[in-house]
Structure formats: C-alpha cells, structure tokens
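Can you build the whole structure from these sequences, using the hints too?
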Amino acid sequence: MTHRILVVDDDPHIREVIRVALKKAGMSVTEARDGKDALARFAGERPDLLVLDIGMPEFDGLDVCREIRKSSDVPILFLSARDEEIDRVLGLEIGGDDYVTKPFSPRELVARINVILRRLMPRAGAMPEAAVLSRGQLSIDPEQHVATFAGTALHLTAIEFGILRAFLTRPTAVFNREQIMSAAYHLNIQVSDRTIDSHIRNIRAKLAAAQCENVIETVHGVGFKLGRCEPPA
1 MTHRILVVDD DPHIREVIRV ALKKAGMSVT EARDGKDALA RFAGERPDLL
51 VLDIGMPEFD GLDVCREIRK SSDVPILFLS ARDEEIDRVL GLEIGGDDYV
101 TKPFSPRELV ARINVILRRL MPRAGAMPEA AVLSRGQLSI DPEQHVATFA
151 GTALHLTAIE FGILRAFLTR PTAVFNREQI MSAAYHLNIQ VSDRTIDSHI
201 RNIRAKLAAA QCENVIETVH GVGFKLGRCE PPA
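FYI, the numbering for the sequence shown is 1 to 233, going by our numbering.
Calculated from the structure, these hints are not laboratory results.
Predicted, not measured: the structure shown is a model, and the values here were computed from it.
Check each hint, because a few of them may be wrong.
Taking lysine-lysine and the DSS-like style, the derived pairs with C-alpha atoms no more than 27 Å apart in a straight line are [to be verified]:
(1) K206 <-> K70
(2) K36 <-> K70
(3) K36 <-> K102
(4) K102 <-> K24
(5) K23 <-> K36
Across the chosen pairs, the derived CB separations fall in these ranges [as the list claims (entries may be wrong)]:
(6) T148 <-> K102: 33 to 39 Å
(7) S105 <-> R194: 39 to 45 Å
(8) H220 <-> K24: 43 to 49 Å
(9) P103 <-> G26: 20 to 26 Å
Quick reminder that beta carbons are idealized off the backbone N, C-alpha and C, glycines included.
Written out as structure tokens, the structure reads:
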C-alpha cells in the first residue's frame, strides 16, 4: 500500500527535502505552499497524513489543523522552526499527532511518519487482535480503528487511539509515562513528558464531551490508569 502524504510548507527547499525522503520510503507526495492551498488540496485528494508547518504567513499550520479537525481525524505531524514548548503543546492539544522541530533529520521525520501510520493498520503477519476491547461504556475496535463511548463515536488521533488501546488491553494496570510512550510510538523515539500529558489531556477532554468524566485516572507519583468509563450517575 502506497501512503499519500500532503506536505505543507512555504519554503520550497523544505518541501523538496521532505518529498525526496518520503519518495525514497515508497510514499506518494503532494505539496502545498500555504494554509489555503493545503485545505484545497486536502479536500480534493484526502491524503493519509499531513506534514504541516506551523509558521506560515496569514493562514498558519495551527489554523489549518483546527479547520481539518472539524471534519477529519487524518494524522497530522507538525513542523516548526521554533522549539518553544507552548507551540508543541498547543499543536498537540488542538489535534496534532506529533511534532518535529526544524532543522530536522529526514530519516527521523520518515520514522515518525511511519510510527503514526502503523497505528492505523495491522502489522503484516501479526496475530489478529480481539474484535473489540471494552471497559464500562468505552469500546474500541482495533481492526476498524473505531472508538465509542455509550454509542457515541470518539474522534481520536492515531496516537490517542494507540494510548487508549494500551489501557484497554491491560485495564487494571497502572502505566508510567515511559510505558505510555512505548505504546504510542513503538520505535526508539523520545518525546517529552509534557507531550504524553497533552495526549492524555486530549483523551480526557474528548471523553468528557461524550459524558465520561473518569476515563483515565492519575496515580500520583506513578502514572495513569484506566477509570470506570461510565457516565455520571
């Protein structure tokens, strides 16, 4: 299967570097030079993943992400020339799956994209997963990549889905951040504790919007565990 990637950056040199790296990895690449161009190409081509620069003039990457998240859960990997934590956290909180700072290694970028894409498809030769994993009113179907709470569909990013699947696979376990990171990213890729906390916060917010206030509980000094996953009494 050839994955279709939309690369959005106002710098043509950056787009060329990414295009060459992704094509070497066997992916199909479409390019957009700004936010408005990105939305038009996204609507017409429906890519499997976006590589999205934050710092574009007028309609920036965060604006593009907010607009796309109104109708789609397509994975989004942010690029930024700044390594400010507020940008990183904000990007994840509005629906990004990962974040890479410029200048970047093309090999690392491809690795991170592959990690995200693997969350969306079963591994070749892997044993079939359980049809449905559930606790209380929360259910996920790993094969169909569908999550629901009390019948309400949950619009999770690929990384959020992977974290929730890990919790449901071991519903009584307490996970530290390193275990959550491993479940979400698989490869030897390091992300900060704040990044993991942002994903947990997003999952909680999405479940709270579906009337579940107790999906993930904090175990102080240790990590997190799955809650009762029931609507309020």
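Violations among the numbered hints: Hint check: 7 fails alone, others pass.
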